[in-house]
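Peer 1: So you can see what is in the structure, the chains are spelled out below.
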Amino acid sequence: MTVNAERSGRETGPWRRESRARHFRERVIKILLAACAYVSVLTTFGIVFVLIFETINFFREVSIVEFLTSTTWSAAFANPKFGIVVLISGTLLTTVIAIAVALPVGLLAAIYLSEYASARLRRWLKPALEVLAGVPTIVYGYFALTFVTPLLQSTIFPSLTIFNALSAGLVMGVMIIPTIASVSEDAIYAVPHSLREGAYALGATKREVATRIVVPAALSGIVAAVILGISRAVGETMIVAIAAGALAQFDFNPLNPAQTMTAFIVQVASGDTPTGSLTYNTIFAVGMTLFVMTMILNVISYLFVRRFRETCE
Amino acid sequence: MTQGYAKTTREEGAGQGPVFKSPTRVRYALDWVFRGLVFVATLIGLVVLAVLLIDVAWDGVPRLGWGFLTNFPSVSAERSGIYPALLGSLLLLLHTAVISVPLGVGAAIYLEEYAPDNWLTRLIEVNISNLAGVPSIIYGLLGLGIFVNLLGPVTGGQSIISGALTLSLLILPVIIIATREALRAIPDTVREGGFALGATRWEVIRSHLLPMAIPGALTGTILALARAVGEAAPLIVVGAATFITFAPSGPLSAYSALPIQIYAWISQPQPAFQVNAAAAIVVLMIVLLITNSLAIWLRNKYQRRG
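Read top to bottom, the protein sequences are chains Z and F.
Residues in the first sequence are numbered from 50 upward in steps of one, following the working numbering.
Residues in the second sequence are numbered from 156 upward in steps of one, following the working numbering.
Don't read these hints as lab results, they were simulated from the structure.
Glycine included, C-beta positions come from ideal geometry on N, C-alpha and C.
Please note that a few of the clues may not be correct.
[What the hints assert, rightly or not] Partner residues are not named here, just some residues of chain F that face chain Z (Cβ under 7 Å, in silico):
(1) Arg182
(2) Gly200
(3) Val203
(4) Ile264
(5) Tyr269
(6) Ile283
(7) Gly288
(8) Pro290
(9) Ile292
(10) Ile293
(11) Ile301
(12) Gly385
(13) Pro414
(14) Tyr418
[Said to hold, decoys possible] List time: in silico SDA-like cross-link candidates among lysine to any residue, alpha-carbon distance up to 25 Å:
(15) Z:Lys175 <-> Z:Ser231
(16) Z:Lys79 <-> F:Leu275
(17) Z:Lys79 <-> F:Arg356
(18) Z:Lys255 <-> F:Val188
(19) Z:Lys175 <-> F:Ile451
(20) F:Lys456 <-> F:Ala340
(21) Z:Lys79 <-> F:Pro342
(22) Z:Lys175 <-> Z:Val272
(23) Z:Lys79 <-> F:Ala270
Given these sequences and hints, build the entire structure.
Peer 2: In structure tokens:
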């Protein structure tokens with residue numbers, strides 16, 4: 050045995066004897082792989098660090114009270130006002146429109162896929178719906194601006210401005226359909242069959258089983274799906290940057306232009322902004338607000354998914 | 156668990172009266188209506204997708220031509236082309252792949268094969284799923300703060316490498332999750348067989364686990380890279396240029412990218428530039444179609460074998 054070990058000074062694959070070099074190599078590889086895993090932690094630290102650092106710089110020049118309470122946002126003007134409420138109202142408006150589209154359509158599609166579609170059809174429809182989520186958002190933006198807005202102008206809303214919250218919200222809703230459909234479908238699919246069979250045995254029809262037994266049983270999973278959808282809508286950038294315009298105003302009329310938090314960041318970033326200027330710091334303060342909002346939504350969604358798993362699995 | 160069912164049933168039981176009051180015929184008629192409704196809801200998304208694709212193709216395809224692919228952007232819409240943007244996107248894709256694939260696969264191997272089951276590992280896992288939900292524009296702000304400004308002297312500021320690093324961090328969670336799933340699907344008997352023959356953990360990983368996990372990991376990775384190619388928001392923030400009159404030469408070069416060029420053209424008021432945007436979208440969609448088909452083809456090829 051020892052002779053063998055001494056003879057094979059060269060590495061010859063998995064048959065080598067224990068050697069110090071081999072142990073050393075294992076340790077190095079393990080450390081390298083762990084380092085890769087810690088990159089994700091570093092990323093989070095990086096995001097939080099950058100946002101906090103620049104946001105502090107921002108609040109050195111702008112009072113936090115004005116940021117949270119003012120109802121005017123005019124970052125680009127000579128005498129700038131920074132009321133984040135205005136950008137949040139724009140974000141809220143487009144998000145509400147998007148969810149008004151994506152929630153009913155996504156939920157009904159989830160019911161169809163899980164309760165009605167044959168296994169073969171389901172195998173085709175699910176990936177086809179996923180394609181909607183894979184289309185780049187810039188393409189949706191183009192579609193909203195050059196197709197949906199003119200269509201709405203010539204049919205239902207002649208007073209619609211070229212840039213408006215309605216088209217952006219509607220198209221964003223279509224983009225979010227697969228998110229809501231696929232997460233709630235997972236929840237609906239996971240509802241145990243015994244529940245359905247019990248209801249059928251009591252004489253319920255298929256619709257009654259779907260709407261009164263299955264959907265309530267999967268409710269926390271569906272809520273998680275909707276919150277995830279809201280989080281997507283809040284963070285969505287290119288559709289609103291292209292189709293909703295760049296007019297920051299405290300106004301909830303969907304026929305008018307609206308500026309969201311994300312669209313503001315894009316507007317500033319596509320111009321020439323010197324590093325360290327107040328405008329430069331502003332996009333980080335807005336980004337911080339956006340980050341905190343989506344983080345809270347994601348955590349709530351996660352808690353609902355966990356609750357669903359506890360009750361149903 | 157049983158309590159959950161009992162609760163639902165009891166609640167339903169309480170509302171028993173109204174539930175079964177209407178005549179059977181009405182209930183079955185409503186069933187047909189509902190069936191139609193859910194079917195239509197499923198189709199809505201697909202119909203919009205079809206309309207979108209037709210609209211873009213209708214606007215853009217007539218503008219396509221050799222000149223459009225090989226020209227530089229210009230003040231004249233008719234003479235403009237996407238050559239630097241297309242090249243920039245391909246270079247970004249290449250750099251992003253080189254950075255993100257080893258990092259993502261390495262992290263996945265560590266978490267699946269090495270990491271002890273303790274609070275630190277769980278922290279990393281929660282953190283990764285959290286990162287997957289962070290809006291892409293936030294990654295842009297991260298890239299602007301760290302890669303463009305803080306590391307500017309190394310990365311050259313608004314350069315391809317800054318953009319690629321930003322996109323890498325953006326898609327890293329997706330690659331890690333896909334690779335972990337592929338590794339988890341390998342039965343433990345493979346690992347035990349390797350150990351029984353005296354192989355170390357890494358030897359088992361390199362000789363057996365990685366080759367077996369590659370198809371699944373590759374599919375997820377290609378889909379993630381396709382997503383990176385279509386991203387515009389983070390690249391705008393880290394300073395991809397909208398009007399560029401030279402081809403990007405290397406990692407430290409200034410650059411444009413297809414989605415950025417599209418955004419720049421959409422923002423122009425003249426209709427001729429909108430047509431350019433549509434044509435560039437067609438090119439972008441073809442690039443995505445090719446990468447996604449490759450992923451699906453790979454998955455089907457290896458699934459059948461397994």
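Peer 1: Is it true that the CA of Lys79 of chain Z sits at most 25 Å from the CA of Leu275 of chain F?
Peer 2: holds (16 Å)
Peer 1: May I ask you to test the interface hint for Arg182 of chain F with respect to chain Z, counting a Cβ-Cβ separation under 7 Å as satisfied?
Peer 2: Check passed: Cβ of Arg182 of chain F comes within 5 Å of chain Z, closer than 7 Å.
Peer 1: Have a go at the Ile292 of chain F hint: is there a Cβ in chain Z nearer than 7 Å to its own Cβ?
Peer 2: holds (5 Å)
Peer 1: Is the straight-line distance between the alpha-carbon of Lys175 of chain Z and that of Val272 of chain Z 25 Å or less?
Peer 2: Holds: Lys175 of chain Z and Val272 of chain Z sit about 20 Å apart, inside 25 Å.
Peer 1: Under the criterion that the straight-line Cα-Cα distance not exceed 25 Å, is the pair Lys175 of chain Z, Ile451 of chain F satisfied?
Peer 2: holds (14 Å)
Peer 1: Restraint: Pro290 of chain F near chain Z, CB-CB cut 7 Å. Satisfied or not?
Peer 2: holds (3 Å)
Peer 1: Is Lys175 of chain Z within 25 Å of Ser231 of chain Z, Cα to Cα?
Peer 2: holds (8 Å)
Peer 1: So if I understand the rule, the pair passes when the alpha-carbon distance is 25 Å or less; does Lys255 of chain Z with Val188 of chain F pass?
Peer 2: Holds, at roughly 12 Å.
Peer 1: Tell me if Gly385 of chain F is really an interface residue toward chain Z, meaning its C-beta lies closer than 7 Å to one of theirs.
Peer 2: Holds, about 3 Å.
Peer 1: Please check whether Val203 of chain F passes as an interface residue: C-beta within 7 Å of a C-beta belonging to chain Z.
Peer 2: holds (5 Å)
Peer 1: Quick check on the hint: Tyr269 of chain F CB to chain Z CB, less than 7 Å?
Peer 2: Interface hint status for Tyr269 of chain F: holds (6 Å vs cutoff 7 Å).
Peer 1: If you take the shortest Cβ to Cβ gap from Gly200 of chain F to chain Z, is it below 7 Å?
Peer 2: holds (5 Å)
The structure fails none of the hints (numbered hints given earlier).
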